[in-house]
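Protein chains: 2
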Amino acid sequence: MAEEKDIGITAKKSENHSEWYTQVIQKADLIEYTSVSGCMVFRPWAYSIWENVKKFFDIELKKRGVKNAYFPLFIPETLLKKESQHVEGFSPEVAWVTHAGNTKLNEKLAVRPTSETIMYESYSKWVRSYRDLPLLINQWCNVVRWEFDNPVPFLRTREFLWQEGHTVHATQKSAEDEVYDILDLYKTVFEELYAVPVMKGRKSEKEKFAGALFTTSVETFLPFGKAIQGATSHCLGQNFSKAFDIKFLDENEKTQYGWQNSWGLSTRTIGIMIMMHGDDKGLVLPPNVAPLKAVIVPIFYKEKDKVLAEANRIKERLKDFDIELDDREEYTPGWKFNQWEMKGVPVRIEIGPKDIEKQQVVMVRRDTGEKSIVKYTEVKEKLAELLDYIQSNLFENAKKFIEENTVETKDWAEFIKAIKDKKMVYAPWCAETECEDWVKEKTGGAKTLNIPFNLPKKIDEKCPHCGKPAKVWCYFARSY
Amino acid sequence: MAEEKDIGITAKKSENHSEWYTQVIQKADLIEYTSVSGCMVFRPWAYSIWENVKKFFDIELKKRGVKNAYFPLFIPETLLKKESQHVEGFSPEVAWVTHAGNTKLNEKLAVRPTSETIMYESYSKWVRSYRDLPLLINQWCNVVRWEFDNPVPFLRTREFLWQEGHTVHATQKSAEDEVYDILDLYKTVFEELYAVPVMKGRKSEKEKFAGALFTTSVETFLPFGKAIQGATSHCLGQNFSKAFDIKFLDENEKTQYGWQNSWGLSTRTIGIMIMMHGDDKGLVLPPNVAPLKAVIVPIFYKEKDKVLAEANRIKERLKDFDIELDDREEYTPGWKFNQWEMKGVPVRIEIGPKDIEKQQVVMVRRDTGEKSIVKYTEVKEKLAELLDYIQSNLFENAKKFIEENTVETKDWAEFIKAIKDKKMVYAPWCAETECEDWVKEKTGGAKTLNIPFNLPKKIDEKCPHCGKPAKVWCYFARSY
Chain A
0 MAEEKDIGIT
10 AKKSENHSEW
20 YTQVIQKADL
30 IEYTSVSGCM
40 VFRPWAYSIW
50 ENVKKFFDIE
60 LKKRGVKNAY
70 FPLFIPETLL
80 KKESQHVEGF
90 SPEVAWVTHA
100 GNTKLNEKLA
110 VRPTSETIMY
120 ESYSKWVRSY
130 RDLPLLINQW
140 CNVVRWEFDN
150 PVPFLRTREF
160 LWQEGHTVHA
170 TQKSAEDEVY
180 DILDLYKTVF
190 EELYAVPVMK
200 GRKSEKEKFA
210 GALFTTSVET
220 FLPFGKAIQG
230 ATSHCLGQNF
240 SKAFDIKFLD
250 ENEKTQYGWQ
260 NSWGLSTRTI
270 GIMIMMHGDD
280 KGLVLPPNVA
290 PLKAVIVPIF
300 YKEKDKVLAE
310 ANRIKERLKD
320 FDIELDDREE
330 YTPGWKFNQW
340 EMKGVPVRIE
350 IGPKDIEKQQ
360 VVMVRRDTGE
370 KSIVKYTEVK
380 EKLAELLDYI
390 QSNLFENAKK
400 FIEENTVETK
410 DWAEFIKAIK
420 DKKMVYAPWC
430 AETECEDWVK
440 EKTGGAKTLN
450 IPFNLPKKID
460 EKCPHCGKPA
470 KVWCYFARSY
Chain B
0 MAEEKDIGIT
10 AKKSENHSEW
20 YTQVIQKADL
30 IEYTSVSGCM
40 VFRPWAYSIW
50 ENVKKFFDIE
60 LKKRGVKNAY
70 FPLFIPETLL
80 KKESQHVEGF
90 SPEVAWVTHA
100 GNTKLNEKLA
110 VRPTSETIMY
120 ESYSKWVRSY
130 RDLPLLINQW
140 CNVVRWEFDN
150 PVPFLRTREF
160 LWQEGHTVHA
170 TQKSAEDEVY
180 DILDLYKTVF
190 EELYAVPVMK
200 GRKSEKEKFA
210 GALFTTSVET
220 FLPFGKAIQG
230 ATSHCLGQNF
240 SKAFDIKFLD
250 ENEKTQYGWQ
260 NSWGLSTRTI
270 GIMIMMHGDD
280 KGLVLPPNVA
290 PLKAVIVPIF
300 YKEKDKVLAE
310 ANRIKERLKD
320 FDIELDDREE
330 YTPGWKFNQW
340 EMKGVPVRIE
350 IGPKDIEKQQ
360 VVMVRRDTGE
370 KSIVKYTEVK
380 EKLAELLDYI
390 QSNLFENAKK
400 FIEENTVETK
410 DWAEFIKAIK
420 DKKMVYAPWC
430 AETECEDWVK
440 EKTGGAKTLN
450 IPFNLPKKID
460 EKCPHCGKPA
470 KVWCYFARSY
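Residue numbers (numbering that gives the first Met the number 0), protein chains in the order written: chain A, 0 to 479; chain B, 0 to 479.
There could be a bad hint or two in this list.
A pair holds if it fits inside one copy or across any two, identical chains being indistinguishable in the list.
[Unchecked claim] Here are the simulated DSS-like pairs of lysine-lysine, each with C-alpha atoms no more than 30 Å apart in a straight line:
1) K280 to K66
2) K305 to K207
3) K11 to K416
4) K66 to K379
5) K422 to K80
6) K305 to K441
7) K61 to K335
8) K241 to K467
9) K12 to K253
10) K398 to K318
11) K353 to K421
12) K467 to K421
13) K26 to K124
14) K461 to K12
15) K381 to K61
16) K61 to K318
17) K446 to K80
18) K53 to K186
19) K457 to K246
20) K379 to K54
21) K103 to K80
22) K12 to K26
23) K318 to K66
24) K11 to K253
25) K12 to K353
26) K26 to K246
27) K66 to K416
28) K379 to K11
29) K470 to K246
In short, the hints are calculated from the structure, not lab data.
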């Protein structure tokens, strides 16, 4: 019989977060390392979370008339170079295919770091008239960005999975409306699926997407004192349509360049969720993304057949939920409790001979450890209720954490102290890149995250760094 | 107003099949060519067919306990080389990543042509005990095989999409049972979704997968006189488990090597369907994979608002089906008829002022052109019925075509004439590779397809090529 210590998480989240994270992702069967540096296996437990997110998001896209397609993995070098800012942003981290078999290729091929260039080559053939617009296409695929920094599974890996939406609109307004609509959808994915509160806003000029007119993002702040960008929705303006010749005849028979957007959400989101909700026992999964909502652990004593039969009856009552009955005989109930806690299953359902006598089960919440005695007749309602509680409790706890770790200040001494104390800062800012660079240097790495949309029209404050009149309020923090 | 001739297929399927195919895949909005030679865009119309197949297949896999995961795109050269037959089979067509940004990599990385090696590296860490088995994992992904022959969209492209299942079993029997079960599932995909009849069988030693113990396949024969392999299910035996050290302790605490399978179905299937069912008007889609089951084309005359209102009511009655109302005003009904026929939508529903008077619509079958007058109250039942008819009619026609083009013979003169006449041959065979090579040479390219499973125990015939006693009956044809 395996010993319990073999499988437990031995690092504390608050003490050694890096070791804690490394243990959780492996011991909860999320990730396997491979011999390709920076590329990991998404094991079924992790992939299934991604499938849940995909399912939700795909339905939402279809409601909006967005259609899925698939474009080539490879982008010829000349094509990648067509938009100058774009290639500058991406070429340092492009993986290049130079040979096929023993043959050297005439032109090297980029493994897509993102698909603007390969997609827009086709778009220029498809867009002719205002009647072809909006053109709304999405793809679910893998992308490669050869990071030279230390990889962090899910958050910074050389290959990851994502969706990338690429659209063309007849007017700037239509494009911009979509940018914000998709950003709202990303907020929904984070807040209602992953139970992770996010801040919506606009990226600074320095931090915007390479080639975009402007970039919007959702950002959050993690228990390790670092912020992270959750997803981005870019308005590309006419930069790419001019570079790729995406033109159309408008209703007045005039030639116009298309207004374009691109927007993406990746498997990075899984890492954010792990870091936000996980605890010293392992992963804590929000019910709305959990591959299993509950696991039934039978406690046999000497009445195995009887207990198993009852456990199966409970499972049948709960067939509308994704649940599993862990009837393995080679492990003790205690070992199973630990394992399923480590894997983050929202609710554990225990049933033993004494429970059967009373026609009841014990339900245990993963987030709080709270136990409930539940009559057979009420298991369905109670499980649904507990899952709701867990989902909102995780969200509320995360929200409280972020609020407690956000310092609003107009004072530079306070600003720098907050960053040193691993907090996030909300401060007025002149919106100049020079000042942004200076802050980064003086704080040991704090970057601008984003600028909220609903700022007061008139900002009276001064930028605490340079003293000039502030143009915006902005979030700042060290970040992943 | 666009002219009808602009959009129609101008080549005849029976006269110039290559030009016909090239027109259909482009004009039916399935494929776009790109500047990456051999790599094409799967446009939404094609991708949606693949989504329908994925959905069906994924549910079937989940019923069997197979879990989805995702493994890295890149495979280090040393890892790819671990199984000697395997690397021999694949290395001539591997795309190699040699640089990242401006940095030369220490070891070149293969873009996966298939994932045995990268997956089994992990499997060796996961399999310890018979209790870990069977290990049943699948992934949906892109793969790259750098074909130097002329690419044929869908059928032979340098990048394609597929699922690859990779499993480990404790016993040979468990592995073999799965090989045949999955092969049956592939047959179901072809016959019940794509309406394409297939022959199940075992590949010859020469044609088996590089590194497999044996390979099973489904094959079919296309209207252009060429056969094609539809999908393969391989029993890898212990070849890879020995190369990758995938071992487990059995119930008697003895160390055993795992028995492995791999099996795959790709976007090639879409091309097979197009070639099998398409006609001189374009694509013909079997209802079970069609993105749209029917399209409603309103015929306005001077009563636009009225007709549109009624058309919308019909659409509402048919909301359980994937259908579309084509209310574009800039095109004539005739233009729309042609376009939807070209795109292969199974049923067209026409409604005009005269139909409204009689509370009826006209339904037109794409496969036969047959028209039915249908009362409003019966549209739902009638559409369901027509879709069933179309699905089975396409299958029956294809079956008849294959039967009429298969020549069973024990005579070499007949054999060679049949191949010359672009038929498929079913003949006894000594099962020697030498004889297989000789046939290929003498017939100008006819290869063995597969050997059916249910052969008589005793075969009295002689091999018509070499005259030695035949060991099997086998299908032979020129093939893609």
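Now for the hints, and whether the structure bears them out:
Proximity of K280 and K66 under a CA criterion of 30 Å is satisfied inter-copy only: 25 Å between copies versus 41 Å inside one chain copy. For the homomeric pair K305 and K207, neither the shortest alpha-carbon distance inside one copy (62 Å) nor that between copies (50 Å) is at most 30 Å. Only within a single protomer do K11 and K416 lie at most 30 Å apart by alpha-carbon distance; the minimum there is 25 Å, versus 77 Å between protomers. Proximity of K66 and K379 under a CA criterion of 30 Å is satisfied inter-copy only: 26 Å between copies versus 37 Å inside one chain copy.
In the homo-oligomer, the alpha carbons of K422 and K80 never lie at most 30 Å apart, since the shortest distance is 39 Å inside one protomer and 49 Å across protomers. In the homo-oligomer, the alpha carbons of K305 and K441 never lie at most 30 Å apart, since the shortest distance is 68 Å inside one protomer and 70 Å across protomers. Taking the closest pair of Cα atoms, K61 and K335 come within 30 Å of each other only across two copies (23 Å); inside a single copy the shortest separation is 40 Å, beyond that limit. Proximity of K241 to K467 under the C-alpha cut-off of 30 Å is found in neither arrangement, the shortest distances being 36 Å within a copy and 70 Å between copies.
Neither within a single protomer nor between protomers do K12 and K253 lie at most 30 Å apart by alpha-carbon distance, with minima of 61 Å and 40 Å respectively. Taking CA atoms no more than 30 Å apart as the test, K398 paired with K318 passes in neither setting, with 33 Å inside one copy and 41 Å between copies. In the homo-oligomer, the alpha carbons of K353 and K421 never lie at most 30 Å apart, since the shortest distance is 49 Å inside one protomer and 74 Å across protomers. Taking identical chains as interchangeable, the C-alpha atoms of K467 and K421 lie at most 30 Å apart only when both belong to the same chain, with a minimum of 26 Å there against 82 Å between chains.
For a Cα distance limit of 30 Å, the shortest separation of K26 from K124 across copies, 13 Å, qualifies, whereas the shortest one inside one copy, 49 Å, does not. Taking the closest pair of Cα atoms, K461 and K12 never come within 30 Å of each other, the shortest separation being 38 Å inside a single copy and 74 Å across copies. In this homomeric assembly, K381 and K61 come within 30 Å of each other (Cα to Cα) only across copies, at 27 Å, whereas the closest approach inside a single copy is 33 Å. Taking CA atoms no more than 30 Å apart as the test, K61 paired with K318 passes in both settings, with 28 Å inside one copy and 16 Å between copies.
Proximity of K446 to K80 under the C-alpha cut-off of 30 Å is restricted to the intra-copy arrangement: shortest distance 28 Å within a copy versus 45 Å between copies. For a Cα distance limit of 30 Å, the shortest separation of K53 from K186 qualifies both inside one copy, at 15 Å, and across copies, at 28 Å. In this homomeric assembly, K457 and K246 never come within 30 Å of each other (Cα to Cα): the closest approach is 39 Å inside a single copy and 69 Å across copies. In the homo-oligomer, the alpha carbons of K379 and K54 lie at most 30 Å apart both inside one protomer (24 Å) and across protomers (28 Å), since each shortest distance falls under that limit.
Proximity of K103 and K80 under a CA criterion of 30 Å is satisfied in both settings, with 21 Å inside one chain copy and 20 Å between copies. Taking identical chains as interchangeable, the C-alpha atoms of K12 and K26 lie at most 30 Å apart only when both belong to the same chain, with a minimum of 14 Å there against 57 Å between chains. For the homomeric pair K318 and K66, the shortest alpha-carbon distance between copies (19 Å) is at most 30 Å, but the shortest distance inside one copy (33 Å) is not. For the identical chains of this complex, K11 and K253 are neighbours neither inside a copy (64 Å) nor across copies (38 Å), given an alpha-carbon limit of 30 Å.
Taking the closest pair of Cα atoms, K12 and K353 never come within 30 Å of each other, the shortest separation being 37 Å inside a single copy and 74 Å across copies. In this homomeric assembly, K26 and K246 come within 30 Å of each other (Cα to Cα) only across copies, at 21 Å, whereas the closest approach inside a single copy is 52 Å. Taking the shortest alpha-carbon separations for K66 and K416, neither the intra-copy value of 48 Å nor the inter-copy value of 48 Å comes in at or below 30 Å. Neither within a single protomer nor between protomers do K379 and K11 lie at most 30 Å apart by alpha-carbon distance, with minima of 35 Å and 61 Å respectively.
For the homomeric pair K470 and K246, neither the shortest alpha-carbon distance inside one copy (35 Å) nor that between copies (64 Å) is at most 30 Å.
Against the hints set out earlier in the document, violations occur for numbers 2, 5, 6, 8, 9, 10, 11, 14, 19, 24, 25, 27, 28 and 29.
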